[in-house]
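> Sequence:
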Amino acid sequence: MKVEVATLQQRANEGEAFQFGPFRLAVSERLLMNGDVQVSLGSRALDVLIALVERAGEVVSHRELIKRVWPDVIVEEASLRVSVAGIRRALGDGRDGARYITNVPGRGYCFVAPVQRLVQGGQSTATPVGRGRIQTLPARLQRMIGRDETVEALRLELMSRRFVSIVGPGGVGKTTVAVAVAHGLADEFRDAVCFVDLSALQERALVVPAVASAVGCLAHTQDSLSRLLAFLADKRLLLVLDSCEHVIEAVAILAEGVFRQAPLIHIIATSRESLRVEGENVHPLRSLDSPTSGTALTAAKALASPAVRLFMDRAAAGGYRDELTDEDAPIVADICRQLDGMPLAIELTASRASTYGIGGLAELIGDRLMLLWQGRRSVPRHQTLQAMLDWSYDLLSDREKAILCALSVFVGAFTMEMAQAVVAEADRDELQFATIASLVDKSLISVSLTGGASWYRLLDTTRAYAAVRLKELGAANATARRHALYYAERLAGLRGSTLRDRDLTPYSRQIGDIRAALEWSFSPSGDRSVGVALGAGAVPLFLGMSMLSECRWWCLQTIDALSEEDRGTKLELRLQLPLATSSIHAHSDSVEVGTALERGLSLADSMGDADYQLEFLAGLNLYRARLADSGGSLAVAQRYAAIARELGRPREVVMAEWMLGASYHLVGEQAAAQQSYKRGFEHAAAAGVSELHSFGYDHQVRAFVGYARTLWDCGLPDQAAQFAYRAIEVAERKEHPISLCICLVFVAPVFLWRGDRQIAEELVERLITYAGRYSLAMYRAGGLGLRGALMLERGDTEPGIKTLREALSTLRTEQRNILLPSNSRALAEGLARTGNSAEATSIIDAAVANALRGSGTFELPDLLRARATVLLAASPANWPAAEASLKDSLDCARQQHALGWELRSAMALARLWMEHGRVDEARSLLGDVYGQFTEGFETADLKEAERQLRVVGARMSYP
0 MKVEVATLQQ RANEGEAFQF GPFRLAVSER LLMNGDVQVS LGSRALDVLI
50 ALVERAGEVV SHRELIKRVW PDVIVEEASL RVSVAGIRRA LGDGRDGARY
100 ITNVPGRGYC FVAPVQRLVQ GGQSTATPVG RGRIQTLPAR LQRMIGRDET
150 VEALRLELMS RRFVSIVGPG GVGKTTVAVA VAHGLADEFR DAVCFVDLSA
200 LQERALVVPA VASAVGCLAH TQDSLSRLLA FLADKRLLLV LDSCEHVIEA
250 VAILAEGVFR QAPLIHIIAT SRESLRVEGE NVHPLRSLDS PTSGTALTAA
300 KALASPAVRL FMDRAAAGGY RDELTDEDAP IVADICRQLD GMPLAIELTA
350 SRASTYGIGG LAELIGDRLM LLWQGRRSVP RHQTLQAMLD WSYDLLSDRE
400 KAILCALSVF VGAFTMEMAQ AVVAEADRDE LQFATIASLV DKSLISVSLT
450 GGASWYRLLD TTRAYAAVRL KELGAANATA RRHALYYAER LAGLRGSTLR
500 DRDLTPYSRQ IGDIRAALEW SFSPSGDRSV GVALGAGAVP LFLGMSMLSE
550 CRWWCLQTID ALSEEDRGTK LELRLQLPLA TSSIHAHSDS VEVGTALERG
600 LSLADSMGDA DYQLEFLAGL NLYRARLADS GGSLAVAQRY AAIARELGRP
650 REVVMAEWML GASYHLVGEQ AAAQQSYKRG FEHAAAAGVS ELHSFGYDHQ
700 VRAFVGYART LWDCGLPDQA AQFAYRAIEV AERKEHPISL CICLVFVAPV
750 FLWRGDRQIA EELVERLITY AGRYSLAMYR AGGLGLRGAL MLERGDTEPG
800 IKTLREALST LRTEQRNILL PSNSRALAEG LARTGNSAEA TSIIDAAVAN
850 ALRGSGTFEL PDLLRARATV LLAASPANWP AAEASLKDSL DCARQQHALG
900 WELRSAMALA RLWMEHGRVD EARSLLGDVY GQFTEGFETA DLKEAERQLR
950 VVGARMSYP
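Residues in the sequence shown are numbered from 0 upward in steps of one, following numbering that gives the first Met the number 0.
Hints in this document: simulated from the structure, not taken from any laboratory. Do not rely on the hints blindly, as some may be mistaken.
To be verified - With a Cα cut of at most 27 Å, we get these calculated DSSO-like pairs of lysine-lysine:
| no. | residue 1 | residue 2 |
| --- | --- | --- |
| 1 | LYS400 | LYS300 |
| 2 | LYS733 | LYS677 |
| 3 | LYS801 | LYS886 |
| 4 | LYS234 | LYS733 |
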C-alpha cells in the first residue's frame with residue numbers, strides 16, 4: 000500500500016498540476032489526490048473539474064462545458080448537473096465552510112477556491128489560474144547596454160526573496176533596469192505585471208490611490224490602505240513601484256503591508272534611497288564601468304566597457320557617423336569617467352557629438368562640468384547628474400531655456416497646443432515645432448505617437464531640474480496659473496454634465512496635470528478664482544471616471560472657495576450634486592450627504608430648475624431609504640412623481656413609478672408598490688426606456704430587485720424568482736460593481752425566503768467575493784449578514800452568530816440602516832436558540848421599537864414573529880405574550896397586503912395554538928391564509944404549511 004501511495008503521489012507531481020485546499024489535481028495523469036488518498040471521480044466529472052480549475056475565477060458556460068466534455072455527443076444539461084453534483088460530493092463542497100464550485104444562474108459554473116499551479120516535482124508557483132491580466136508595463140528599451148548580468152541577477156533575487164529595491168542616483172537607469180526585469184518575468188507571472196509610475200504624484204496621500212488604480216481596484220475605494228491590502232491578499236502579480244524617493248514614507252508603509260499581507264505578490268521598487276522596511280532587499284545599481292586611465296587605450300579595449308559602448312551608440316543615434324578611433328578612445332573614456340558612468344549623463348553628452356565632435360565635447364566638459372563638480376561636493380549622490388543637467392541647460396538658447404522651464408509645469412505628457420498655452424506671451428509667437436524638436440534632439444524631451452498625435456514629455460530628472468530653474472526665474476506661479484487656466488478652459492464644457500455616454504479616454508492621461516493644477520490653484524500661492532473655474536469642470540470628470548474620493552475632495556475645496564457672488568448660483572448647484580453623489584458612495588458621513596442634498600434641492604427650488612430638482616430628489620430618496628427613513632423616502636418619491644408628471648417626459652415618468660414602488664415597498668404598502676412597479680415597467684416598455692442612471696445607481700436593476708421582493712411579499716414567490724433572475728442578468732451584463740452588489744445583497748433574500756438555499760448560498764458567496772474585491776464594505780457586510788442567516792438555517796448556530804455580529808458592526812459604522820432590521824432579527828433568533836434570552840430579547844425589542852417609532856418598515860411583521868420566537872425560547876410560560884405578538888404580526892401583515900409574511904406568522908401561531916389544544920382555530924387560521932395562494936406551492940413555506948394542515952387534520956380526526 001505504501002508503494003502504491005508513493006507511486007500515485009509521484010505521478011500527481013509530474014506534468015501540469017493544480018493545488019486547491021487539500022486537493023492536488025494532476026491533469027496529464029488524470030489524478031485527483033486528497034493528501035495521500037486518491038479521490039474516486041468519474042471520467043466525465045474529472046473532465047468538468049479540469050475545465051473549471053483551468054479557468055478558476057471565471058464563469059464557464061454550460062455550453063462550453065458540454066462541448067468540451069461531450070464533444071461528439073448530444074446531451075442535456077442534466078448530465079452536466081449530475082457531474083457537478085458528483086464533483087461537489089467528492090470535494091466536500093459546502094462542508095465546514097469549504098466552497099469550490101458555484102452555480103451562476105443562467106450562465107454556468109465558476110470554480111471559486113484559490114488555485115495554485117504546480118510545476119514538475121510538485122513545487123507551487125502560486126499562479127492564479129484564469130485571472131484577468133494586468134498589463135501596464137512600458138515597452139522595454141530595444142538596446143540596453145551593460146545591464147544584462149544585472150537584470151539576470153535581479154530576476155533571480157526577486158523570485159527568491161519577493162521584494163527588491165533598485166537603489167541609485169537619478170539617471171543611473173533604475174527604471175530601465177526594472178522594466179527589463181519585469182519583461183523578463185512576464186511569462187512567469189502570466190503577464191500579471193503592474194507598473195506604477197509614482198513620479199507624477201506630489202502628495203504622499205496619493206500613493207495608495209495610484210497603486211489601487213493600477214492594480215484594478217475601483218477608484219472610489221482607493222483611499223484606504225487596508226482595503227487595498229485586502230484586495231491584493233490573494234492576487235499573484237509583479238508590482239513595480241517606480242520613482243519612490245519623493246513619496247518614500249508612504250511607499251514604505253504600502254510596500255511593507257503588501258509584503259506581509261499579500262504573500263503571492265513580488266515587488267520591485269526604484270528609488271534614490273532604500274525604503275528601510277521589513278522584507279526589503281536593497282540592490283544598489285552602480286554606474287556603468289568606464290576604462291581606466293592610460294595612454295595605451297585602444298578603441299577595441301575602450302569598447303569593451305559598457306560606458307563607452309553606450310556613448311558611441313547614443314552618439315550614432317544623434318547623427319555622429321564616425322567609428323571610434325584609437326586616437327579618440329582615451330578621450331571618450333575620459334568623458335565617461337568624468338560623467339561617473341551615469342547612463343543619462345552619457346546619453347545627453349553623446350547626443351551632441353555630431354554638433355561639437357569628440358574633442359569639442361571634451362573641452363566643454365573640462366571647462367564647465369569639472370568646475371561645477373568641485374563646487375557641489377556637499378550635495379550627496381546627485382552632484383554628477385546635477386552638473387550634467389546644468390551643463391545641458393547652459394547649452395540652450397534663451398528661448399529654449401524659457402520654454403523648457405515653462406514645460407516643466409506638466410507632470411505628464413503634453414501636446415503642442417498645451418505647450419503653447421503655458422509659455423509666456425513673449426515666447427508664444429516663437430514657439431514653433433522646430434523649438435520643441437530641438438529640445439527633443441537634445442534628449443531633454445521625449446516624444447511618442449499616441450492616437451495619431453505627437454505627445455511630448457520631459458524626462459523626470461529633467462523636469463525636476465527645469466522646475467527649480469523656473470522657480471529661480473520667478474516665473475513658477477505665472478506659469479502654473481497659465482497651466483491651470485488652460486485646463487479650466489478645456490474642462491469648461493464638462494460643467495454640469497453627467498458624462499454618462501461620453502468617452503473619457505482622452506482625459507484619462509491628463510488626470511495628473513488636472514490634479515496638479517487644482518493643487519496649485521488652492522495652495523497659498525495659487526489663485527482660488529482659477530481653482531473655482533477649474534474645479535467646476537474637473538469634478539464631473541472625476542465623477543464620470545468613478546474617482547469618487549477625489550471628486551468629493553475637490554467639490555469641498557471648490558465650494559469653500561466660492562465668492563459671495565457665486566453662492567446660491569447655478570455654479571454652486573452644479574457642485575452640490577457631485578458632492579452628494581460622491582459622498583454617499585465614498586464617505587460614511589451621512590450628515591455631509593444630507594446637507595449637500597438639502598442645500599442642492601433648496602437651490603434648485605429657488606431657481607425653478609426641474610432637472611436639478613429631479614436629480615436631487617432621486618438622491619434624497621435613496622439617501623433616506625439607506626437610513627431606513629421609509630416615510631421620508633416615500634414623501635420624496637411622491638414629490639418627484641409630481642414634477643415628473645408635470646414634465647411629461649417618459650424617462651422621468653418611469654423613474655417616478657419605480658421610485659414610488661421602492662418607497663411603498665419599504666414603508667410596507669405592498670399592493671401600492673406592486674401597482675407602481677407594474678405601471679413603471681409598462682411605461683418603460685411602451686417608451687423604449689431601459690437605461691436609467693441617477694445618483695450613481697442603475698435604476699432598472701433597482702426596479703427589478705424591488706419588484707421581486709414586493710412580489711414575494713404579495714404572495715407570488717414564483718414571479719418573484721423570475722424578476723430576481725432578470726435583475727441578476729441585467730446587473731451582470733452592465734458590469735458595474737455597485738449595481739451588481741446592490742442587486743445581490745437585496746435579491747439573495749428572495750431565494751432565501753423561497754427556501755432555495757443552494758441558490759441563495761451561491762449568490763451570497765459571489766456577493767462577498769465581489770464586494771471584497773472592490774472594497775465595498777457595506778455590501779460585503781450585507782453578504783456576511785446573509786451568510787450568517789444561512790448558517791443559522793443549517794444549524795451552524797455559533798459561527799452564524801459570530802458572522803452576524805461582524806456584519807452588524809460594519810453596517811452601523813457605514814450607517815446602512817436599511818439592512819439592520821433583518822440582521823438584528825436573525826441575530827436575536829440565533830441567540831435565543833443558544834439560550835442567551837436576555838440579549839436576544841434586548842435586540843429584538845429594540846428592532847421592533849425602531850420600526851414602530853419610525854414610519855414603518857416592510858419587515859415589521861417578521862420582526863413581531865421573531866419576537867414571539869424569542870419569548871417562547873426564554874420560557875414556554877411566555878406563550879400569552881408570544882400569542883399577542885403573533886396576532887400583531889398577522890394584523891400588520893394584512894394591513895401591508897404582505898401575504899408572504901402573513902403565512903409565516905400564521906404557521907407560527909397555528910403551532911402555538913395546537914400545543915395548547917386549540918386545533919380548530921389553528922386549522923381555520925392556516926387554511927384561510929394558505930387558500931389565498933395561487934402559486935409557489937413548491938416553495939419551502941407553502942410545503943411546510945401544507946404539512947401542518949395535514950397534521951392538524953389528523954389531530955381533528957383522532958382527538
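> For every hint, state whether the structure bears it out.
Results for each hint:
| no. | hint | in the structure |
| --- | --- | --- |
| 1 | LYS400 with LYS300 | 38 Å, violated |
| 2 | LYS733 with LYS677 | 23 Å, holds |
| 3 | LYS801 with LYS886 | 31 Å, violated |
| 4 | LYS234 with LYS733 | 24 Å, holds |
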